[in-house]
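There are 2 protein chains.
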Amino acid sequence: MIQKDSVYHRMGQNWSYAYDEATLHIRLRTGRGNVARVDLVHGDKYGWDHTHGVQPMELLASDAQYDYWQAAVQPKYRRLAYYFALHNEDEALYYLEKGFFDAPPAIIYEGLFDFPFLNREDVHLMPEWVKDAVFYQIFPERFANGDPSLSPENAEPWGGVPTPRNFFGGDLQGVLEHLDYLNALGINAIYFTPVFEATTNHKYDTRDYFKVDPHFGTNASLKKLVDACHERGIRVLLDGVFNHCGYTFPPYVDVMENGQASKYANWFHVRDWPPRVEDGIPTYDTFAFEPIMPKFNTENPEVREYLLSVGRYWIQEVGIDGWRLDVANEVSHSFWREFRKAVKESNPDAFIVGEIMHDALPWLTGDQFDAVMNYPLLNLALNFFARGTTDSKQFSEAISGMLARYPQQITESAFNLLDSHDTERFLTHCGGDVRRLRLALLYLMTFQGTPCIYYGDEIGMEGAYDPDNRRCMEWNPDRQDQELLAFYRWAISLRKAYPALRGSRIRFRELPGEPALLAYDRWDEQEHLLIVMNSSAAPVKGALPAAEDASDWVDVQSGERCSVSGGKLSFSLPAFGFMVLRRE
Amino acid sequence: MIQKDSVYHRMGQNWSYAYDEATLHIRLRTGRGNVARVDLVHGDKYGWDHTHGVQPMELLASDAQYDYWQAAVQPKYRRLAYYFALHNEDEALYYLEKGFFDAPPAIIYEGLFDFPFLNREDVHLMPEWVKDAVFYQIFPERFANGDPSLSPENAEPWGGVPTPRNFFGGDLQGVLEHLDYLNALGINAIYFTPVFEATTNHKYDTRDYFKVDPHFGTNASLKKLVDACHERGIRVLLDGVFNHCGYTFPPYVDVMENGQASKYANWFHVRDWPPRVEDGIPTYDTFAFEPIMPKFNTENPEVREYLLSVGRYWIQEVGIDGWRLDVANEVSHSFWREFRKAVKESNPDAFIVGEIMHDALPWLTGDQFDAVMNYPLLNLALNFFARGTTDSKQFSEAISGMLARYPQQITESAFNLLDSHDTERFLTHCGGDVRRLRLALLYLMTFQGTPCIYYGDEIGMEGAYDPDNRRCMEWNPDRQDQELLAFYRWAISLRKAYPALRGSRIRFRELPGEPALLAYDRWDEQEHLLIVMNSSAAPVKGALPAAEDASDWVDVQSGERCSVSGGKLSFSLPAFGFMVLRRE
Chain A
1 MIQKDSVYHR MGQNWSYAYD EATLHIRLRT GRGNVARVDL VHGDKYGWDH THGVQPMELL
61 ASDAQYDYWQ AAVQPKYRRL AYYFALHNED EALYYLEKGF FDAPPAIIYE GLFDFPFLNR
121 EDVHLMPEWV KDAVFYQIFP ERFANGDPSL SPENAEPWGG VPTPRNFFGG DLQGVLEHLD
181 YLNALGINAI YFTPVFEATT NHKYDTRDYF KVDPHFGTNA SLKKLVDACH ERGIRVLLDG
241 VFNHCGYTFP PYVDVMENGQ ASKYANWFHV RDWPPRVEDG IPTYDTFAFE PIMPKFNTEN
301 PEVREYLLSV GRYWIQEVGI DGWRLDVANE VSHSFWREFR KAVKESNPDA FIVGEIMHDA
361 LPWLTGDQFD AVMNYPLLNL ALNFFARGTT DSKQFSEAIS GMLARYPQQI TESAFNLLDS
421 HDTERFLTHC GGDVRRLRLA LLYLMTFQGT PCIYYGDEIG MEGAYDPDNR RCMEWNPDRQ
481 DQELLAFYRW AISLRKAYPA LRGSRIRFRE LPGEPALLAY DRWDEQEHLL IVMNSSAAPV
541 KGALPAAEDA SDWVDVQSGE RCSVSGGKLS FSLPAFGFMV LRRE
Chain B
1 MIQKDSVYHR MGQNWSYAYD EATLHIRLRT GRGNVARVDL VHGDKYGWDH THGVQPMELL
61 ASDAQYDYWQ AAVQPKYRRL AYYFALHNED EALYYLEKGF FDAPPAIIYE GLFDFPFLNR
121 EDVHLMPEWV KDAVFYQIFP ERFANGDPSL SPENAEPWGG VPTPRNFFGG DLQGVLEHLD
181 YLNALGINAI YFTPVFEATT NHKYDTRDYF KVDPHFGTNA SLKKLVDACH ERGIRVLLDG
241 VFNHCGYTFP PYVDVMENGQ ASKYANWFHV RDWPPRVEDG IPTYDTFAFE PIMPKFNTEN
301 PEVREYLLSV GRYWIQEVGI DGWRLDVANE VSHSFWREFR KAVKESNPDA FIVGEIMHDA
361 LPWLTGDQFD AVMNYPLLNL ALNFFARGTT DSKQFSEAIS GMLARYPQQI TESAFNLLDS
421 HDTERFLTHC GGDVRRLRLA LLYLMTFQGT PCIYYGDEIG MEGAYDPDNR RCMEWNPDRQ
481 DQELLAFYRW AISLRKAYPA LRGSRIRFRE LPGEPALLAY DRWDEQEHLL IVMNSSAAPV
541 KGALPAAEDA SDWVDVQSGE RCSVSGGKLS FSLPAFGFMV LRRE
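Those sequence lines, one after another, are chains A and B. Sequential numbering of the first sequence, starting at 1, is according to this note's numbering. Sequential numbering of the second sequence, starting at 1, is according to this note's numbering.
Keep in mind the hints are simulated off the structure, nothing from the lab. Do not rely on the hints blindly, as some may be mistaken.
It does not matter which identical chain is used: a pair holds within one copy or between any two.
[To be verified] Here are the simulated DSBU-like cross-link-like pairs (lysine-lysine), alpha carbons at most 30 Å apart as the crow flies:
hint: 1; residue 1: K211; residue 2: K223
hint: 2; residue 1: K341; residue 2: K568
hint: 3; residue 1: K344; residue 2: K496
hint: 4; residue 1: K263; residue 2: K496
hint: 5; residue 1: K393; residue 2: K98
hint: 6; residue 1: K263; residue 2: K341
hint: 7; residue 1: K4; residue 2: K98
hint: 8; residue 1: K263; residue 2: K568
hint: 9; residue 1: K211; residue 2: K541
hint: 10; residue 1: K541; residue 2: K131
hint: 11; residue 1: K263; residue 2: K76
hint: 12; residue 1: K393; residue 2: K4
Just so you know, these numbers come straight off a predicted model, no measurement behind them.
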């Protein structure tokens with residue numbers, strides 16, 4: 001019996017959307033293993049007779065509960081009316097907007113699902129460069145001290161123990177001096193945590209949105225750095241903190257001094273005047289309950305114009321390639337829609353990445369962000385690769401569910417990370433076991449989305465939660481894990497060499513009885529790769545089904561051919577070993 | 001066993017949204033009858049300990065497959081992290097963003113559902129007047145001929161047979177002269193189909209967006225009419241045709257004359273130059289495949305600004321109260337977002353109603369329309385009241401499903417209709433049986449949403465599909481169904497008298513074995529009504545459960561008390577009879 005309760009489709013969201021200016025994606029959810037075949041029956045509602053067709057849907061992904069089917073359709077007149085025909089051997093069920101039926105609809109124009117018109121303006125297109133980007137995240141105070149004359153007076157010697165409030169003197173000149181290092185690593189984009197003037201070492205408490213923090217350099221030195229990055233093919237994202245300012249931000253200072261008489265009184269959300277803290281709770285809205293980070297009132301047109309002008313300024317004046325947006329989900333959708341317009345008008349190729357740790361679809365509808373920081377992926381990687389609390393089946397099912405939850409262009413551009421300045425370092429989660437980190441990194445580099453490496457991960461830096469995750473970058477080669485660094489370089493180069501690794505096609509192999517073994521195919525029209533990983537301390541011997549004509553699997557590291565016989569590809573992997581195979 | 005496959009919630013849409021500036025609604029779907037009780041466990045993610053609480057969810061509605069639960073929460077700091085606790089007698093299941101669990105989460109800040117911040121700018125607030133509005137739809141060419149000097153030369157005598165192309169001379173003066181009639185009927189808002197200059201009788205092929213059609217009057221006479229309506233407490237909506245223009249629209253004429261050299265070449269979507277019709281298919285995008293209605297290219301900023309200026313003009317110059325938008329779902333979301341801004345800046349109380357016949361949620365997210373024409377409701381009413389092809393259980397379950405699919409402010413303001421210029425008249429669907437129409441109208445007037453009456457329905461006018469549904473209004477009292485007219489007046493006055501009939505609380509009674517009997521409670525904090533209808537030709541005697549303390553049910557028509565005994569409210573209804581009871 002086809003389980004109706006498992007079937008889901010609703011116009012919009014991840015279920016029906018424009019993938020590009022000519023193509024619609026239509027998806028359907030069914031119970032896992034419950035339906036053998038699904039056809040999408042579609043046509044133009046104004047001319048069904050001369051436009052209709054039947055298209056088998058492809059199985060896009062399967063999670064623990066459900067199968068997800070997808071069809072890509074290019075309707076000639078950009079309109080699509082459709083319904084689903086679900087088939088099992090002895091059973092058929094027809095699913096229309098108006099419900100389930102045992103027979104196909106007789107009257108075609110009534111009660112079908114409807115994608116009324118594919119308007120180009122609504123298509124969520126990503127900047128071209130994003131799909132090839134490999135990001136590197138820099139926390140400027142801790143990356144490199146290139147100009148000690150700028151360092152705070154109380155800066156401590158490089159490499160000391162980070163505390164919530166101490167400084168070590170990292171600056172933009174320090175980054176400039178290490179671009180060779182970043183080029184050699186292979187990254188081609190940098191995400192900087194905030195660089196504007198502020199009091200803290202993390203600079204999330206902005207004082208002046210139009211000025212680089214003097215301890216980091218000047219606006220001119222930022223421009224010089226961005227130019228140098230561009231010359232080397234490296235894009236630059238800055239961190240925009242538009243949810244809240246810092247307590248030294250002049251309009252806020254004015255409100256604290258003049259109360260309701262301040263001309264900035266309406267720039268913030270003061271619930272009870274004068275703004276103050278009572279029992280640990282500010283009487284004005286803030287980030288969390290943090291008194292030094294007052295939340296902006298973006299309903300106020302003055303505030304809105306001020307923040308939009310910031311968004312434009314750094315693109316126009318300094319040439320940055322986009323924004324990472326802090327606490328992005330607490331700012332209004334309405335503001336972000338205007339922000340996107342302002343940014344894309346300044347640079348149509350700008351990339352907009354929001355910080356959202358939860359389901360982020362309401363911000364990824366094409367009118368707000370291009371991507372969000374993929375914390376859900378981070379958690380899945382932690383559980384499987386670092387902690388070993390999930391098995392490969394759970395991991396691959398959860399990944400599959402994630403892919404099904406978003407439009408394809410969103411998962412193709414997701415900002416994928418293993419850690420950041422807001423998490424424990426991945427290697428620390430691994431208990432320092434570099435072999436676990438390597439597998440996770442290999443996964444990131446062979447998966448769709450835009451990978452981002454947190455500075456220092458590549459040389460084996462560790463760190464617990466803030467402030468320990470913000471240690472000074474280790475520049476002494478003897479203290480860097482050179483083997484790990486070489487692995488990072490290799491994994492990045494692998495991603496660059498094989499476009500299929502950046503594409504959207506992925507299929508996880510089912511490996512019953514092998515909870516630590518993860519295997520998945522990655523392919524496009526040109527090539528096919530197979531990645532196999534052993535996420536356990538026990539060596540594994542195994543075999544995977546391989547079609548007879550697929551005898552030409554080559555290990556991309558060693559160049560050796562694999563043994564395929566009897567339709568089986570046999571392999572043996574050491575503890576935490578892996579192999580990347582390519583079909584010749 | 002709790003059926004996990006039936007459980008659904010996803011941040012956003014109709015599942016979590018701001019109802020007003022202080023209140024969030026959270027909803028959950030479960031299998032029908034599968035879960036006894038659901039608790040919403042919630043708190044502020046930054047201060048769970050001093051904010052958390054447990055709130056039982058109310059059963060909002062049940063359709064054939066599912067139960068829908070709702071909780072209204074007013075989070076003090078406008079943030080809400082939450083999960084669901086589902087209970088049956090011997091079973092509990094906890095549903096978090098990260099999945100299902102057998103025990104409540106130990107670590108509260110990870111993996112919960114999250115409504116990050118209720119920003120006032122994002123709240124979809126309706127104009128205050130809408131919830132009390134009763135609309136009347138006028139097709140101006142057919143309502144009344146008040147100034148024969150304006151009539152087209154070939155106008156036929158009033159009351160003739162409508163054809164696709166003939167004229168009868170209806171005009172704005174005709175409407176002006178019948179405002180007493182409309183006041184007496186009780187309506188307080190008019191929706192006019194297009195009044196701008198065009199060649200057809202329906203005027204959906206606009207020639208001049210800034211000019212009233214000379215056969216209808218002048219811009220001044222429209223202003224006079226709107227002013228007169230306002231003096232009588234009647235709001236006015238005009239029909240905006242922004243998907244396409246008519247073939248006499250000067251920019252289109254210019255394109256036809258000058259081809260790609262036209263300065264308006266980019267105002268339309270020409271797929272193949274020169275624009276022409278081949279094998280019945282225009283080589284340029286149109287409404288449907290209709291050559292005389294070329295689709296606008298709203299991606300072109302000139303087109304956009306032109307159409308936005310139309311949106312503003314009639315509000316600012318003539319004072320209309322909003323727009324009904326033709327073929328609204330084929331125009332880009334991006335355009336509608338700007339349109340809403342332009343309209344609401346011109347008049348924050350303007351009401352924006354889109355013509356969408358399908359699931360319309362992607363346009364009802366607060367940034368585009370306030371309402372859509374509720375064709376799904378029309379179809380349900382047709383099947384149950386007019387055709388009798390569904391029973392009261394199917395009808396009430398489908399209505400319930402519809403209520404669950406949209407945020408509450410959307411269903412409270414839905415533009416509910418029984419017919420329009422685009423459908424057969426409801427009475428004709430009823431085979432002329434006025435008793436069926438009466439029940440449907442009573443349903444409309446005792447249900448949430450904004451009811452709209454198509455001109456002439458109230459006097460028993462009939463009409464098949466276009467052009468027959470556009471007959472001239474019958475003004476001869478002898479040929480009007482006066483009894484029906486009196487019923488319409490009474491039903492409208494009933495709606496006005498009892499605010500609970502306009503509110504969102506509805507519960508359908510289960511009446512096994514009585515497929516034609518529909519009974520539902522409508523209530524708010526002040527009052528409670530019970531409506532019972534017999535949608536069949538056979539008289540019915542029955543009894544409904546009524547609490548003993550509810551012995552004071554009074555029939556609002558007769559003023560008579562009802563007999564309640566043994567916890568039963570007994571009644572007897574004639575063929576197609578009804579009763580509206582009020583608890584004293």
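> Checking against the hints above, which ones are violated?
Replying inline: 2, 4, 8, 9 and 10
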